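Using numbering that gives the first Met the number 0, the first residue of the sequence shown is number 0, and each one after it goes up by one.
Treat each hint with caution, since some may be false.
[Said to hold, decoys possible] Pairs of lysine-lysine residues, derived as BS3-like cross-links and limited to a Cα-Cα distance of at most 30 Å, are as follows: (1) 181 / 236; (2) 236 / 213; (3) 64 / 236; (4) 181 / 213.
[Stated by the list, open to error] Restraint ranges, calculated between C-beta atoms of paired labels, are given here: (5) 209 / 49: 39 to 49 Å; (6) 0 / 132: 32 to 42 Å; (7) 158 / 124: 28 to 38 Å; (8) 165 / 15: 17 to 27 Å; (9) 46 / 233: 45 to 55 Å; (10) 158 / 40: 17 to 27 Å; (11) 233 / 65: 17 to 27 Å; (12) 206 / 141: 41 to 51 Å.
These are computed hints drawn from the structure, not numbers from a lab. Since we're looking at a predicted model, the values are computed, not measured. Virtual Cβ for every residue (Gly too), placed ideally from N, Cα, C.
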Amino acid sequence: MREPITIITTVRDGDAHLHRYFSNLRQILGPRDHAAIVDDGSTTPLAIPTDWQHDPRLIILYPGKIGRGAALNLAIENSPTDLIAIQDIDDLSLPDRLDRQVDVLSNNHNQLVFARAVSDPWRPTLAALQHFSPARLYFSNPLHHSSLAMHRSVWARAGGYATDLPCCIDLDFYLRACCVAKARINRLSMPLIERTLDPGTRHFARIPNALYQKTRASVLARYRPDLPWSIWLAAAKLRELQLFSARDVR
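Could you put the whole structure together from the sequences, leaning on the hints where they help?
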C-alpha cells in the first residue's frame with residue numbers, strides 16, 4: 000500500500016467548480032488520503048456537499064480573506080500527511096495521478112514532482128521522468144502548479160509560500176525550493192491533470208500585465224545570483240535585450 004497524500008486546494012468564490020471538483024476527489028482519493036481546502040474569503044462560504052459532511056478525509060478551513068500564499072501555507076500546515084499534492088479548484092486530476100507521484104516521491108523526498116496536462120502539446124521524450132534546471136524558468140515556465148506534488152519537508156525548508164507577492168507565488172516557491180532547500184525539479188512525462196483553459200475563470204488571466212511583468216522580474220532577480228551560468232540564463236538574457244530593443248524602436 001502506498002504512502003498517503005493530501006490534496007491541497009485554495010478557493011475564493013469558486014462555486015461553479017465545486018461539483019466537478021468533489022466528484023474528482025471521489026475518483027482519486029485513497030482510503031488513507033485527505034483533502035485540505037482553504038476558503039480564502041469567498042462571498043458565500045464554501046458549502047460542504049452532503050455526501051462529504053461526515054467523511055474524515057475532508058478538512059475545510061475558513062480563515063477569511065488571507066491571500067493565496069497564506070492560504071496554501073495554512074492548508075499544508077493542517078495536512079495530516081507528509082506528502083502533499085496541489086490541485087486548483089477548477090482543474091482535475093486523472094485517476095492514477097496520486098499513485099504515480101507518490102511512487103516518485105517515495106524514492107526521494109527532496110524534489111518537486113510535476114506532471115503534464117492533457118492539453119499540453121505532445122513532444123517526444125524517452126524519459127519517464129524529466130529533470131528541469133531552475134534556470135529553465137528564467138526563459139519560460141512550462142510547469143503547472145496544479146500538478147505539483149512534494150514532501151512537506153521541502154516546503155518547510157524553503158520557508159513556505161510567499162505571502163507578500165501580488166502574483167508569481169508559484170514561480171517564487173519553485174526557485175526558493177531549489178536555491179534554499181536544494182530540491183530538484185522533476186516532471187513526469189505522462190499527462191496526469193486536466194486544466195481549465197477558459198481565461199474567464201483563471202486567476203492568472205485577471206492579473207494586470209504590468210503588475211505581472213514587474214513582479215516576475217523582481218522574483219527572477221532575487222534568485223539569479225544563486226544559480227550557476229547556464230544556456231537558459233543566457234537565452235533569457237538575450238530575449239530581454241531583444242524585447243528592450245524592440246521597445247526602443249517603437
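Hint by hint, here is what the structure shows:
For the hint linking residue 181 to residue 236, the alpha-carbon distance of about 24 Å falls within 30 Å, and the restraint holds. This hinted pair checks out: residue 236 and residue 213 have alpha carbons roughly 16 Å apart, not beyond 30 Å. For the hint pairing residue 64 with residue 236, the CA-to-CA distance comes to about 37 Å; that exceeds 30 Å, so the pair is violated. Taken as a hint, the residue 181 and residue 213 pair is honoured in the structure, with Cα atoms around 26 Å apart against an allowance of 30 Å.
Hint check: residue 209 to residue 49, Cβ distance near 45 Å, so the stated range 39 to 49 Å holds. Separated by about 34 Å at the C-beta atoms, residue 0 and residue 132 satisfy the suggested range of 32 to 42 Å. The hinted range of 28 to 38 Å is satisfied by residue 158 and residue 124, whose Cβ atoms lie roughly 32 Å apart. Against the hinted window of 17 to 27 Å, the Cβ-Cβ separation of residue 165 and residue 15 comes to about 24 Å, which satisfies the hint.
With their beta carbons about 51 Å apart, residue 46 and residue 233 fall inside the hinted range of 45 to 55 Å. Separated by about 24 Å at the C-beta atoms, residue 158 and residue 40 satisfy the suggested range of 17 to 27 Å. Evaluation of the 17 to 27 Å hint for residue 233 and residue 65 yields a failure: the beta carbon distance comes to about 39 Å. For residue 206 paired with residue 141, a C-beta distance near 19 Å fails the hint of 41 to 51 Å.
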